[in-house]
Structure formats: structure tokens, C-alpha cells
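Trainee: Protein chains in written order, with my numbering: chain A, 138 to 737; chain B, 4 to 378.
These aren't lab readings, by the way, just hints derived from the structure by calculation. Predicted model only: the values in this text are computed from it and were never measured. Treat the hints loosely; a few may be bogus.
Computed beta-carbon distance windows for the label pairs [as the list claims (entries may be wrong)]:
| hint | chain 1 | residue 1 | chain 2 | residue 2 | range |
| --- | --- | --- | --- | --- | --- |
| 1 | B | Asn257 | A | Ala350 | 13 to 21 Å |
| 2 | B | Ile199 | A | Glu315 | 53 to 61 Å |
| 3 | B | Ile199 | A | Glu142 | 28 to 36 Å |
| 4 | A | Asn354 | B | Cys91 | 41 to 49 Å |
Even glycine gets a Cβ: it sits at the ideal position worked out from N, Cα and C.
Residues per chain are reported as follows:
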Amino acid sequence: MSRAETSKFFSRALFLGGFQICLVLLLFSRMVYLQIIEGSYYRVLADGNRIVTRPLVPLRGRVYDKNGILLVENETNFKLLLLADKKKDIEVALASLEAVISLSPEAKEEILKKAQKRQGVESLVIKDNLTWDEVSAIELHAMDLPGMTIEIGSKRRYPFAAEGAHLLGYVSSPSEKEEEEDPSLGIPGLKIGKSGFEKYLNQRLKGTPGYSALEVNARRKIVRELNQIESIPGEDICLTIDERLQRYAYEVLSEHESAAAVVLDIQTGNILALVSFPSFDPNLFTLGINRNDWKDLQNNPYVPLTNKAISGLYPPGSTVKIFVALAALEAGIIDKTTSVQCPGYYYVGDHPFHCYKKEGHGTVNVLRAISESCDVFFYEIAKRVGIDRLSTYYKNLGLGEGGIEGFPHSRKGLVPTKVWKREKKKEKWTLSDTILTGIGQGYISATPMELAIAIARIAGGGKKVVPQLEKGTAHPFPDLGFNPDHLDLVKEAMAHTANSPSGTAYPGRILVEGKEMGGKTGTSQVRRITLSQRRAGQTKTTNLPWEYREHGLFIGYAPLENPRYAIAVIIEHAGGARSAVIAARDILLKAQALEEEPPL
Amino acid sequence: MKTAARSQLFQKFSQLNWTIILLIFFISAIGWGLLISAGKGDPHVWALKQMVRFGMGMVILFGIALTDLRWWLRFAYIFYGVSLALLCGVEFMGFIGMGAQRWIDLYLIQLQPSELMKVALILALARYFHSQSQPLSLYKLSAPLLLILIPTVLVLRQPDLGTAMILLMSGGALFFLAGVSLWIFGIALAAGGASIPILWNFLHAYQKKRIFMFLDPSQDSLGAGYHITQSKIALGSGGLLGKGYLQGTQAYLNFVPLKQTDFIFALLCEEWGLLGGTTLILLYTLLITLCSHIALTTQNDFGRYVASGITVTFFLYMFINIAMVMGLLPVVGVPLPLVSYGGTALLTLLMGFGFLLNVGRQQTLKVPRLSIGIL
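All chains, full assembly: derive it from the sequences and hints.
Mentor: Next comes the structure, spelled out in C-alpha cells:
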């Protein structure tokens with residue numbers, strides 16, 4: 138190499154070296170950029186790669202009756218899971234599983250669908266609610282079922298099945314719509330209250346989910362648990378219900394096709410029993426109800442899924458007569474002695490309104506009018522009080538106000554007013570409307586709960602009784618401002634109804650001294666008796682087909698001295714009030730008897 | 004006589020640049036530490052095997068370092084010819100393995116003719132330029148150009164983009180150092196640019212995909228862009244001081260694929276942070292500086308070109324790998340020199356360093372020019 142060549146080599150080598158240094162600096166600055174400037178961003182990504190948080194389902198709160206009897210409990214549940222990394226071998230896994238336990242074709246289809254949909258680290262639920270036999274069979278063949286594990290969790294159990302189904306409700310997995318509205322419900326295995334008490338106090342019963350932070354590898358297999366925040370169980374809640382009375386009332390109502398009853402403690406407003414018949418088994422829902430059972434429940438003519446005690450709207454019939462009487466007394470329109478002549482009919486213009494007693498009651502005062510349920514007396518009184526005042530008193534007593542605020546499917550009855558008719562029916566209020574409202578027919582409707590509240594308010598001395606479902610929530614009720622003399626008079630009339638031989642509830646009176654009841658019967662027409670039927674001598678509906686017969690109602694209280702229990706009973710299409718009276722009698726007797734019977 | 008030979012051997016040993024040998028050992032030892040971590044703390048998985056290979060490689064290194072440089076000048080073309088023949092053998096007779104036709108299995112070390120070619124090409128070019136006087140006309144350059152292009156095309160067909168790049172670039176660097184006019188480089192670059200569309204058709208689908216992914220890795224972060232995305236996450240999440248030895252979650256949980264081979268730098272940076280990465284790059288830079296020093300101070304042209312070629316090749320290994328791991332270059336499959344798990348690259352590198360130390364030992368040796376012929 139010549140000297141010139143050598144110097145050229147050196148200069149080019151120097152250039153190359155300089156270029157290399159630049160490249161090394163590039164590497165270094167890139168490293169600083171990635172590790173220092175973007176470092177925290179990549180750290181988050183690295184953690185996101187490896188950490189998966191899995192929610193832990195909290196234990197739902199239990200529900201007790203007022204004496205501490207368990208109404209809703211949690212039971213151990215065994216769930217068969219397929220680990221996430223075995224999901225791709227699902228067909229093989231199912232085939233080997235079928236050699237051990239049975240799987241329905243629908244269930245298999247469902248599993249395959251879920252296996253395709255759900256990605257990620259979550260295990261796949263193969264079968265929920267395993268029986269003991271299935272659990273032991275799976276444990277025995279564990280070697281043949283790779284990737285399958287049994288998870289021990291909890292499920293809801295309702296030992297107090299059909300008797301409490303409407304009141305307590307049931308839980309089930311949230312629907313897709315519910316999950317959309319509240320993303321916090323999207324926890325696998327979480328159940329929420331779907332009806333009844335479970336839904337009413339879901340917020341308190343559900344508890345707070347915990348979280349488990351899991352480290353997973355690139356194949357999404359769980360390596361270890363990094364951290365765990367325990368879930369907090371839901372609150373245990375005591376109801377005001379007396380389990381024994383609830384059971385008994387259910388038994389009493391089960392003698393009829395379709396019925397409902399509410400028993401309130403007059404002093405505290407505590408709901409002691411709330412029954413609707415027929416009912417259903419809420420345990421079916423926790424297991425996941427099958428299509429046939431669901432269809433049967435929905436198509437049953439006696440609507441077992443409906444809680445008639447709080448969402449059944451019925452014309453209250455003659456039971457409202459005590460409210461009308463109280464309203465007239467309070468308004469100063471009548472007094473104890475005011476009497477009306479009842480010939481068996483009452484004309485509004487040229488239209489006759491009949492008394493249920495065809496031949497008429499003769500001269501009746503308020504006492505007799507209530508106990509013998511004279512319609513004509515109340516046509517006249519209602520006319521004198523007028524619809525405006527009448528509806529105000531109805532509302533004061535709790536009609537049209539609903540039962541338990543916010544309780545699922547709790548409905549409000551209708552107390553018609555002039556304004557209501559103008560707005561809804563686009564018609565003018567007529568005197569006929571007032572007269573019908575005065576005997577609980579026409580537009581007026583009420584739930585058994587509302588009627589129970591009204592009778593409790595009267596029997597309790599004019600206190601604004603509000604029903605309570607949770608134990609220990611009662612506080613003194615405000616006074617409604619009724620004259621005690623008027624209340625006493627109405628109560629006296631109710632005592633006559635159930636205890637004097639001419640009273641409409643006399644056949645179902647309580648014979649035990651000191652435990653007698655007072656009350657008022659009612660029948661509500663489902664269909665008007667036509668003029669031709671009336672001419673043919675038909676004034677009763679007992680010989681009509683079941684669904685056309687009148688509803689039988691009874692509202693009452695016991696004992697007569699210091700009333701403690703208020704009751705409203707409806708027997709649908711009973712054809713008369715008699716069976717309602719008898720049911721109420723039995724339930725009120727039981728309620729009083731239970732006072733002496735210590736809870737188990 | 005016996006004692007004379009022994010003292011001669013001892014003298015040769017003492018003439019070796021032991022600082023370079025120590026640095027090689029040091030960098031390799033870092034590699035072993037990382038391989039233990041990649042094996043989740045178990046040295047049996049990778050580290051021990053790699054240590055044995057290192058030992059074998061060192062024997063070859065010393066074997067080459069202690070020979071006469073002139074001997075290698077003489078056999079440079081033969082060596083190149085044999086390497087080319089083996090490369091053709093892999094190409095046409097098909098020693099098939101790993102999906103790409105790259106391997107000839109020699110038990111613990113798989114001999115890869117393309118690796119051998121990296122050293123052979125440098126020796127052949129060094130001999131060619133050693134024998135030529137300036138100025139180098141275009142005609143004179145056609146022979147060395149073919150020396151580069153024939154193996155490059157063969158390697159590209161294998162397909163091994165990384166090796167092709169190293170062959171082309173180390174050859175190009177020797178052309179540059181040999182004083183080839185800059186305008187010739189200009190023409191070569193233009194020709195290269197023009198041939199990209201043609202070369203594109205030769206690329207395999209996965210290579211095209213890798214290049215696309217390089218241009219936009221976020222496009223498919225679970226598919227082909229996964230390597231580079233996860234590698235960047237590993238590296239970036241290391242921060243200043245790293246997550247600690249054996250604590251690299253990205254590598255430990257298998258998010259970074261090939262963490263023991265091509266992506267081991269990501270593992271280093273995840274566990275040791277910027278500090279670890281910088282330390283390794285500094286050690287590399289120091290080694291390259293010492294090698295460059297040998298290249299610059301050698302007085303014979305052959306030795307000078309050999310030392311330069313080896314140094315540039317080593318630099319290319321390092322730069323391409325680290326740039327690839329950091330997402331600055333497409334994923335082309337070049338290991339981190341002396342650190343990545345694998346025998347073939349290690350063997351090539353230690354062979355290369357053998358030549359480099361050989362040159363360093365005989366810097367003042369007069370090497371006569373040879374005729375154009377093969378020997």
C-alpha cells in the first residue's frame with residue numbers, strides 16, 4: 138500500500154468508525170426513549186399482559202322472619218368448570234364427560250355456543266347445580282376428565298317455597314339488558330333479585346364483590362394469585378312476616394282456586410302475612426327454569442306468577458261502605474240516627490239502581506246499613522257527600538296510594554275523580570258514577586294491600602298506618618284527624634256485621650270470647666247482571682261459570698277491644714263474600730293464637 | 004527442540020491481545036447469566052449447553068489465532084470455494100431443517116455454510132484487495148462483486164435475510180475501505196434501489212409480512228407484529244434499573260418469543276433496565292474499538308482488511324439485532340453476538356475473532372503480494 142492509499146484507508150476507516158458511533162448513539166437514544174420516556178406506558182402494558190383481575194362473587198344476605206326463622210338461605214353449589222386453556226378440546230372433553238354424567242342435547246349445544254363466544258382466561262361452566270351423585274361420579278373419574286374442575290360456590294335456596302314465593306321473589310343471572318345498564322353486574326356467577334323482596338332490597342342483599350388478581354402467561358394460563366380483596370357478604374335482613382301465619386294463610390287460601398290475603402299489625406304497620414294463591418316454586422328459578430315449566434306458569438289461568446295481594450286490582454265492592462260512612466259522618470252529613478228508606482231500589486233520573494236485597498231493608502240507619510250492607514242507604518249517602526269529598530276520604534284511608542313504596546309489581550288502585558274522568562274518559566262525571574263509587578263498583582279499584590291499610594287506619598283509631606316489611610323500622614304514625622266517636626261508630630257497625638245475627642259476616646263469626654272480629658263483607662261484580670237476567674229472577678252469580686262469578690271480599694280486624702290485626706281477603710270469583718269471611722276468620726284466629734305460641 | 008517449540012507456543016500466546024479475549028469472555032458470561040434467567044433460573048435449559056459451545060469455540064479461536072497469517076492468505080480462495088460449495092450443497096442437495104435450508108448437523112454445533120461464508124468472504128475479499136493496486140477500476144471490481152453477490156443470492160434463497168444483509172454490508176464496507184470511488188457506491192445504491200421491486204418478488208410471504216409489520220407493528224399486535232410489540236413492552240417496562248434478575252415478567256411468562264435467541268436483548272433490558280442495556284452496549288463498543296485499533300495499526304493490507312471485515316461484521320450483528328429488538332429494523336433473524344443462545348453464530352464469531360487475534364499477533368509481518376491465481 139502506498140502512503141496515499143494508507144491515508145485514504147485511514148480517512149475512510151475514520152468515517153466508518155464515526156458512522157458506527159452514530160448508530161450506537163441511535164441505539165442508545167432509542168433505549169432511553171423506550172425505557173425512560175415511554176417506560177411507564179410500557180410498564181402498564183406489561184402488567185396488562187400478565188395480570189387478570191377476576192371478580193369474586195359475594196355471598197348474598199339471608200332473609201329471616203320476625204322470629205328469626207330462615208326464609209332464604211344460601212346453599213353449597215357445585216359447578217363443573219372447564220379450564221380456559223382446554224376450551225379448544227371442548228368436543229373431546231364433552232365426549233369423555235358424557236361417559237360419567239348425563240348431559241341433555243340442549244345443554245350440550247349451549248355449552249358449545251358459549252365455548253365459541255367466550256375468549257380469555259375465564260373457565261367455561263359445563264354444568265351448574267351438580268347433584269351429589271354427579272359430584273362423586275366426576276371426582277371418581279377425575280383422571281379421565283383433564284382440565285375439568287368442580288368449583289364450590291353458593292346458590293339461593295328457598296325452604297319456604299311456594300308460601301313465600303311472591304313475597305320473597307327469586308334471583309337469577311342478570312339479563313343482557315340489565316348488564317348493559319349496570320356493567321358492574323357483568324360478573325360471572327352473579328345473581329340478582331328478579332322479583333319480590335330479592336329485588337326490592339337487592340342493593341343491600343347483594344354484597345360487594347371482591348377481586349382476585351391473577352398472573353397469567355402468554356397462553357393465558359393462570360400462574361399464580363398476586364393479590365386478593367375478599368368480597369363482602371350482603372346484609373342479613375329480618376322481615377316482619379310471621380312464617381307460621383304466612384304458612385297458615387297460604388293453607389287456608391289453597392282451598393280456593395285463586396285468592397290473596399294481607400295481614401297487618403295495626404299498631405306497627407308490620408306486614409305479618411302476605412299471600413297470593415296459587416303460587417310457584419322459586420327454587421325452579423335458581424336452578425334455571427326449563428321451558429315447559431315456564432310456559433305452564435305463564436299460561437295458568439290463575440296467574441300464579443302474579444302477586445295478587447299487591448298487584449291485583451279489584452273493585453272493592455261493599456267493603457267501601459265503611460269508608461263512605463266515615464266520610465259522611467266526618468263531613469257532618471249524617472249522624473248515628475240519620476235514616477234512609479230502602480225499598481230495594483233507588484232511582485237516578487229514570488234509571489233504577491238495585492239493592493242486593495230485592496225486597497229492601499226498610500228504614501235503615503248507618504249501623505244497620507253497614508252490618509246488613511244496604512246499598513240504597515249508601516247510594517243516598519254517596520250522593521250527599523259528593524264525589525270530591527268521597528275521593529278525598531278514600532285517599533286519606535290509603536286507597537289509590539299503593540302498598541309498599543318501590544316494591545316490585547306493587548300497584549296502585551284507582552280512586553276516580555271528576556278530573557280523572559274528564560281526562561281519561563273524555564266524559565263528564567255523572568251522579569250514577571258517584572253512586573256506584575259509593576258501593577265500590579264502577580271505576581274504583583283497590584289492591585288487597587290497600588284495603589288492609591284502610592281497615593288498619595280505621596281500626597287503629599285514625600292513625601296513618603303505613604305497612605312495614607322490614608323488622609324494626611316502625612315509628613309512630615301521624616294522626617289522620619278523624620273524630621274518635623265516628624271511628625267508634627263505624628267499628629261498632631263492623632262488630633255488628635260479624636257478630637249480630639242479621640250481620641252479613643255472622644255465619645263466619647269468631648266464637649272464642651275476647652277474640653271476636655269486626656269487619657265488612659264485599660262482593661264485586663265482574664260482569665253486570667243484565668236486566669233480562671234480573672227479570673228471570675237471577676240476582677246472584679253463584680250458578681254462572683267460574684270466571685263470571687263475583688269476587689268475594691272481606692276486610693276486618695280483631696280483637697274488638699284494642700284491635701291488633703287488620704286483614705283483607707279476596708277470593709276470586711267466589712260468587713259471594715262468605716268464603717272470604719271464613720278465610721279471614723281462620724287467619725285472624727290463628728294470628729291471635731300465635732301470640733300465646735312461642736316461636737320455635 | 005521440544006522446549007523450543009513449547010517456548011515458541013508460549014510466546015505466541017503471550018502475543019495475543021488478552022484484553023479482547025477477556026472482553027469476549029465477559030460478554031459471553033453476561034449471555035450465560037441471561038440464559039439462566041430465560042430458563043427460569045435453571046442453567047440446564049440453555050446456559051450450560053451454551054457454555055460448552057463457548058469452550059469448543061474458544062479452542063477454534065486459539066487454533067486460528069496461533070497460525071501463520073500468510074497461510075490464510077494463501078488458502079483464502081480455497082476456503083471461500085469450500086464454503087460456497089457447502090452453501091450450494093445446502094441449497095441444491097437440501098439439508099433440510101427448521102423450515103429453512105440452513106443446517107448441516109455436527110452434533111452439538113450445527114454447521115451453517117452461510118455462517119462460514121461470512122468469514123470466508125472477508126478472507127477472500129481481503130486477499131483480493133491485498134493483491135490489487137489502486138486505482139480500482141470497475142473492471143477490477145467485477146470479480147470481488149461476484150464474490151459478494153453469489154453467496155448473497157444463495158443465502159437469500161434459503162431464505163436468510165439477516166445473513167444476506169451482513170454479507171452484503173460487510174462486503175460493501177471492505178469495498179469502501181479499499182478505496183473504491185464514491186461514485187461507484189452511488190451507482191451501486193441506485194442499482195440496488197432499482198432492483199428492490201424485483202427482489203421483493205423473491206421474498207417469502209413471511210418476510211414481506213415482517214417488513215410490513217416493521218412499518219406498522221400496531222396493525223396486527225397479536226399476529227405477525229406480536230414479536231416486536233411484546234419485545235418493546237419488555238424493553239420499555241424495564242425502566243432505568245429493570246425489574247431485577249429472574250423477575251422479567253414478559254420473558255418469564257413467555258410473552259416475548261425467542262427470548263433466549265434473537266430477543267435476548269429484550270430480556271436483558273427488562274431485568275436490568277437501561278443500566279444493563281447500556282453496560283452491554285458499552286462493552287460491545289469497547290470490544291469494537293479494540294478490534295478497530297488492531298485494524299488501524301496493522302501494517303500489512305491483508306491483515307488490515309481481515310481485521311476491518313471481522314470488526315464490521317461484529318458491529319453489524321450487534322446493531323441489526325438491537326435495532327430489531329427495539330423496533331428500528333424489521334425482524335430479520337440476526338442473533339445478539341456472543342449472547343444469544345445458539346452454536347452457529349457463536350462459532351462464526353469466535354472464528355472471526357480468531358482471525359482478528361491472529362492479525363493482531365502479526366501486525367508487523369511483511370505479507371508479499373500474490374499473483375491473481377487461486378493459490
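Trainee: All hints, please: hold or fail.
Mentor: Each hint tested on the structure:
no., hint, result
1, B:Asn257 with A:Ala350: 13 to 21 Å, "19 Å, holds"
2, B:Ile199 with A:Glu315: 53 to 61 Å, "58 Å, holds"
3, B:Ile199 with A:Glu142: 28 to 36 Å, "34 Å, holds"
4, A:Asn354 with B:Cys91: 41 to 49 Å, "43 Å, holds"
In this structure, none of the earlier numbered hints is contradicted; all agree with it.
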